[in-house]
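*Asks:* Here's the letter readout for the chains.
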Amino acid sequence: DAGVIQSPRHEVTEMGQEVTLRCKPISGHNSLFWYRQTMMRGLELLIYFNNNVPIDDSGMPEDRFSAKMPNASFSTLKIQPSEPRDSAVYFCASSLDTLRLQYLGEQYFGPGTRLTVT
Amino acid sequence: ELKVEQNPLFLSMQEGKNYTIYCNYSTTSDRLYWYRQDPGKSLESLFVLLSNGAVKQEGRLMASLDTKARLSTLHITAAVHDLSATYFCAVSYTGNQFYFGTGTSLTVIP
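Just so you know, the sequences run in chain order A and B.
Residues 30 to 147 in the numbering used here are what the first sequence lists, from first letter to last.
Residues 15 to 124 in the numbering used here are what the second sequence lists, from first letter to last.
Chain A extracted, bound-state conformation (with noise of 0.2 Å):
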């Protein structure tokens, strides 16, 4: 199994300009995560996903970001128009439903993108 994929690795671009950050979890999951994180705030929760459908977007910080997961094996994060305060890690981790007890619910997580805004 090749994990969590995400791409790019790492993204440079310059302060409005739109990002697209891509993700394939690890085939048979149905839940999908995307976290951001940084020295100051940490790892945060923007959004997540259960069977493509998006639970829970409190995270999102704001209009200028949207996630969409049009198929089980893959998902977007985009960020329109992109800031300086955007620059961050971002991961996205995938894992089966707890709610299947056999399963223990582990996320797993990708390698991230390092994404910098100028």
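Since the hints were derived computationally from the structure, they do not count as laboratory data.
As the structure is a computational prediction, the values presented were derived from the model and not from experiment.
For every residue, glycine included, the Cβ atom is placed at its ideal position computed from N, Cα and C.
A portion of the hints provided could be inaccurate.
What the hints assert, rightly or not - Just a sample of chain B residues kept apart from chain A, beta carbon distances all over 10 Å, derived:
(1) Q28
(2) R74
(3) M76
Said to hold, decoys possible - Here are a few chain B residues that sit away from chain A, every Cβ distance over 12 Å (derived from the structure):
(4) T41
(5) L57
(6) T81
(7) G117
As the list claims (entries may be wrong) - Selected chain A positions facing chain B (in silico; Cβ < 7 Å):
(8) M68
(9) G71
(10) P99
(11) E135
(12) F138
(13) P140
(14) G141
Assemble chain B onto chain A, guided by the hints.
*Replies:* Relative to chain A, chain B alone:
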């Protein structure tokens, strides 16, 4: 809102010493997780604790869970440099959502 607190936030210890990282959480939860993050890397799952009194061990790390006290500990035995990393605990509540602690940055000094 569920809160997860770790202490200490920073830990510097000498090789060969023992120490414990604490994770307190505010609301009853059925699962607790420990993760490790190396600098510039992603988070790696270490332990999953499912019930009161659960204890898991891997090498020099041992994790335990006391659901009545809402407390988990990560004990480090005879620390070695390779254990230097940031350790996170996370609690699951209302299904799949995780609440992560602030992390404990551990530095093991030779």
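*Asks:* Please flag the earlier hints that this structure goes against, numbers listed from lowest up.
*Replies:* 5, 7, 8, 10
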